[in-house]
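Enquirer: Chains B, C and D: place on chain A using the hints.
There are 4 protein chains.
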Amino acid sequence: MGGNTFGQLFRVSTWGESHGAAIGAVVDGCPPCLPLSEADIQPDLDRRRPGQSRLVSQRKESDTVRILSGVFEGKTLGTPISLLIPNEDMRPGDYREMQEKYRPSHADYTYEAKYGVRDWRGGGRTSARETAGRVAAGAIARKLLAERHGVEIVAWVGKVGRIVAECDVEKVTRAEVDRTPIRCPDLVVAERMIAAVEAARKEGNSLGGAVVCAVRGCPPGWGEPVFDRLEADLARAAMSLPASKGFEIGSGFAGTDLTGLEHNDEFYMDGDRVRTRTNRSGGVQGGISNGETIYFRVAFKPTATILRSQQTVSAGREETTIEGRGRHDPCVLPRAVPMVEAMAALVLADHALRQDAVKPR
Amino acid sequence: MGGNTFGQLFRVSTWGESHGAAIGAVVDGCPPCLPLSEADIQPDLDRRRPGQSRLVSQRKESDTVRILSGVFEGKTLGTPISLLIPNEDMRPGDYREMQEKYRPSHADYTYEAKYGVRDWRGGGRTSARETAGRVAAGAIARKLLAERHGVEIVAWVGKVGRIVAECDVEKVTRAEVDRTPIRCPDLVVAERMIAAVEAARKEGNSLGGAVVCAVRGCPPGWGEPVFDRLEADLARAAMSLPASKGFEIGSGFAGTDLTGLEHNDEFYMDGDRVRTRTNRSGGVQGGISNGETIYFRVAFKPTATILRSQQTVSAGREETTIEGRGRHDPCVLPRAVPMVEAMAALVLADHALRQDAVKPR
Amino acid sequence: MGGNTFGQLFRVSTWGESHGAAIGAVVDGCPPCLPLSEADIQPDLDRRRPGQSRLVSQRKESDTVRILSGVFEGKTLGTPISLLIPNEDMRPGDYREMQEKYRPSHADYTYEAKYGVRDWRGGGRTSARETAGRVAAGAIARKLLAERHGVEIVAWVGKVGRIVAECDVEKVTRAEVDRTPIRCPDLVVAERMIAAVEAARKEGNSLGGAVVCAVRGCPPGWGEPVFDRLEADLARAAMSLPASKGFEIGSGFAGTDLTGLEHNDEFYMDGDRVRTRTNRSGGVQGGISNGETIYFRVAFKPTATILRSQQTVSAGREETTIEGRGRHDPCVLPRAVPMVEAMAALVLADHALRQDAVKPR
Amino acid sequence: MGGNTFGQLFRVSTWGESHGAAIGAVVDGCPPCLPLSEADIQPDLDRRRPGQSRLVSQRKESDTVRILSGVFEGKTLGTPISLLIPNEDMRPGDYREMQEKYRPSHADYTYEAKYGVRDWRGGGRTSARETAGRVAAGAIARKLLAERHGVEIVAWVGKVGRIVAECDVEKVTRAEVDRTPIRCPDLVVAERMIAAVEAARKEGNSLGGAVVCAVRGCPPGWGEPVFDRLEADLARAAMSLPASKGFEIGSGFAGTDLTGLEHNDEFYMDGDRVRTRTNRSGGVQGGISNGETIYFRVAFKPTATILRSQQTVSAGREETTIEGRGRHDPCVLPRAVPMVEAMAALVLADHALRQDAVKPR
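Chains as they are written, first to last, in this note's numbering: chain A, 1 to 361; chain B, 1 to 361; chain C, 1 to 361; chain D, 1 to 361.
Excised from the complex, chain A in its bound form:
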């Protein structure tokens, strides 16, 4: 409840406003005795933070995380892990206009409608800055998954504007993803994407796109029918990210063009392992992992903040115009990659623990 907590057994709660004193997260339910330090978390935050390249916001935040609890002598205690990330580069003055006017396709109006009050400084809680807490928590989940279950999660940019990359979900590595600031492992396509973002930035405009995420090494049996299916939880996780507008798993929307005969994944034996010859299911059948690679795609709309004049209304209910100013992301996609990975990790870590509680003995 409250909406700021994710997960049932591996639970993450985030807190913080964009221009408050700090943001953070509390991870409750991480098993004990997992080696953990800030060094496990910081690299993921570094991939998410602004200022990494010209393609993203120039806000200067080191996003330095500090573990305040739950870890002792380098190992998790089984108690809540409190993560703190101070806000550094706060310029509330940049946002005065937002105090009076609702930015189009932002959440200024809806927050005010809901709560009767809002922190207008940089969007307050609605800012994507909130996702730093998720990424920090996701790094812990990723470590748990890697160490205890051999599960690997890799995401990349599969689409920017109308430019699409086709990559092999079985093979893309994080190193390949990080070769370019746009985080598309196809270098040729990446160059075109970068050029498109640069062009949009110069026009004060913005682009959207899609992130593809692969989860490899997941054993069969994770996921809880009927409501907490793995794909349902992944969809919720992805659609809880700012600017996301769509989710599809396996064959997704394109799969609706096929017949059942074309679409079904036939089983075969691979040694002593039950496998499917195709993977249109996306690694999940009936809400439960089947041991094949789980892959899904998330659509992100073009960033709502643009440096152009737009029509809007004021808090006083007058029609007016507003012009974007200050720091913004001309394309959120490169920074969305670690966010999607983090959310996938949170879902999978949660279901790993849930499976431990019900598995047959």
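Do not rely on the hints blindly, as some may be mistaken.
Which copy is meant is left open, so a pair is good if it fits within one copy or across any two.
To be verified - In silico EDC-like links for lysine to aspartate or glutamate, alpha-carbon gap of 20 Å or less: (1) Lys202 / Asp257; (2) Lys359 / Glu112; (3) Lys75 / Glu112; (4) Lys75 / Glu100; (5) Lys202 / Glu262; (6) Lys60 / Asp46; (7) Lys171 / Glu152; (8) Lys359 / Glu73; (9) Lys75 / Asp40; (10) Lys143 / Asp40; (11) Lys202 / Glu191.
Hints in this document: simulated from the structure, not taken from any laboratory.
Expert: What follows is chains B, C and D alone, placed relative to chain A:
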């Protein structure tokens, strides 16, 4: 937990296997003093049940619901509402082969991997029969939304195979949807869809497609940032339905082709009401409803059960073949319409109550 | 939420009104592959049902339970187990007066204040009849605890009115408890208790008392700091039973007379097992089981229904009198024994599963 | 889950170890637009912190709280409120012996049994220091209850060792409670209690006792049958406090001496208000508040830390002795008063919001 409960304040738990004694649902958290009887629920079940037309499964189930608790003298008590639907047309003999072999793209294998046991009679808990409980509960949610909040929910079939209908999300009525057994309000397109399903049925094959759902009259302020955003909960709800593979809201995946300037929804005043000129956001901004029509689309894969021979493996880990038999849906889309409506109703009823608990005073 | 669900991983939801069509429970989260049939549940229900002896209500209910889902070929499936108990001996006519008048120390007034409506037939949902669902669910939990963990739960009547029995929490057996209808294993004291209850019954009066419960064989490590301590969950479980007014664990209230030096439980080695020489802690330290016997005591007030004239007010807000009529329990204690056992079993089964999810590997 | 979160709509999660960098709490679900600053919280923390008098631990902690999020321009935003309290007077060296030996009646052994690891510095998470986060969160709940509902919560020490005070639950004020460091409003009894604690302290021994808590002004209708009864949630809240061993509401254990005729609370009209002439129910009937004063009593065992030699075992499973050292509370009761008030406030604030979501319209 357990995965069989949906919602936080308006909570629905379903139970039951396809060929057990009965299936059902318990609704906990429905406010008191709502007029309610079986007559409010049965029509939605009638739209979901098999045997309505040649387009869907010929299993004979009256799906007659009985309210066992929570209602007294025609009004809800505020206590749990227990809903019971007996199973009638059980033919476990039809499913003997499933005891030994995993049906491709079904959940036989994954259930066994997870639980070490499964009810192989018609898929047991994995059968779409489970959704009858959801539809019954959703009918209660729909009544609550209509009577207390003036919210209306209408869904329809927007795509079957490669055949697509374009309908106005502001205008489609349930009466229009129910004019044809395929539940597409565009009569011309509906005829083509019906023909395609007939053809697939005759071949023992199946088709997929997409359902579009519109929620009209939702006030601003529903939805809980940051994880329980309205679109995240709708996505989870939709992706928890059997055979669903994708979800998109508002502009969805197509919106990623646009620039921010093209995509943003500018605000204007409509009398004393804040409105947006376009609605690419799909009625939700920052996870909270903005008062515009909420609309989303759900992809359903072609039915996995086909009357054709396919390769598979047995529970004994031998490669073999299996041939679909018995009753099946050549296209799940018409029956998915009331399921999508029900899930949308559950999400919105839950958020209506949640908003009551936090709204400013 | 809604208040009708108990537990986090082993979850029980009850539903039903005293004079509705039926009552029941849904158990979600029971692990798969546990042998289970109605025969495992009925004996516990038989110990709870009315009409067993002159000491309790004469309502005639066979309380025959039926498992509607979640069990297949004699084993649990890991899916929800739906339990149905029809109501048989309904005499709403006995309760007409309750429609207009609030019974003292019952929940008629508070339900109406909360919900604006109430089922006045025998107290509706407020009736102790609701606990039949808990007892049925508790029987499943007890079986799980016994078979998988070797945990045994035995409760008995330790006090009726001012008559107190002192029994050894390490040794009392269920067979000893059931030797007399009052369910006190001390036969001499039991006779006095029975006489006291008979006397109260003849006067149309009622008595209260206390139930003692012992949990033996619980391994160290169950219980979740800081809020979900084992004693906190046991207290909540006990205090959720109708008519309960107090809970104490280990030394309880009497322990506050001692000094720390007198109260502390010193550790020693018993073979390779860490044990305590005394057990004033009641088997729990810091919210976690320590391997010693867990024991606690629950106070139940004298039954509120008495066959005597009392002052009250009417639903129309007039002062008036009401006279108890019909069937009632002159002393709830004997029937409270299986209820307390059931609630203890639900708490422990839940924590057994929770421990599986977090234990160090 | 995880056990570190309390409440359903007004949710509090605490984190932190006794000798880590800091401790804290996150409050999620606090309604927006409530005036709030650190000044509303600090006084409650000051009543809980060590070093207030010779009766309690001499650890030097200012317990200065900082609000890091959720409040903007002096009002709550409806977003999570993050509360941070740095640890200052850490002396892990004092606790080296605890690294190797289990302190009797502490949680050293059980934590290690559960998690396979523990923070031995001052008990880590098992330390009562954790309750500072609860008290801070409780101060917010108290403000919400006072401002929006006129509910007042006052607790006091009713028993120390064998010394008992009888105070009027309708009348005791916080000012009266705070007149003496022992926090018993009966000045004569308070002097005797203080002398007893002084004597115990000089002997290196400790005393237990009981706290009484009154909730005045609660409207009828709060509390959720059947499992989340007000008394069940209060019991869980109280029994989740360190060192608590018992809970009773209204007539409690003593009420089991009475007959139904003696115990029942008859109704009468007080103007247009339904009231009871006696209040043995303790303000709650059927789990729901009836508008009378809610009062309950919590037993706390004598502090386990004593400066005396005791037998125990080591982590290496050798029998040995341990002698308490360093700072400790000879009697936890005075500091338990704000803890009990805080937990009561958390329960009531939660049920206030829950009632908003279900109340009849």
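Enquirer: Decide, hint by hint, whether the structure agrees.
Expert: Hints, verified against the model:
no. : hint            : result
1   : Lys202 / Asp257 : between (39 Å within a copy, 18 Å between copies)
2   : Lys359 / Glu112 : between (45 Å within a copy, 11 Å between copies)
3   : Lys75 / Glu112  : between (43 Å within a copy, 14 Å between copies)
4   : Lys75 / Glu100  : between (48 Å within a copy, 18 Å between copies)
5   : Lys202 / Glu262 : between (45 Å within a copy, 16 Å between copies)
6   : Lys60 / Asp46   : within (12 Å within a copy, 38 Å between copies)
7   : Lys171 / Glu152 : within (11 Å within a copy, 46 Å between copies)
8   : Lys359 / Glu73  : between (32 Å within a copy, 19 Å between copies)
9   : Lys75 / Asp40   : within (12 Å within a copy, 36 Å between copies)
10  : Lys143 / Asp40  : within (8 Å within a copy, 40 Å between copies)
11  : Lys202 / Glu191 : within (17 Å within a copy, 49 Å between copies)
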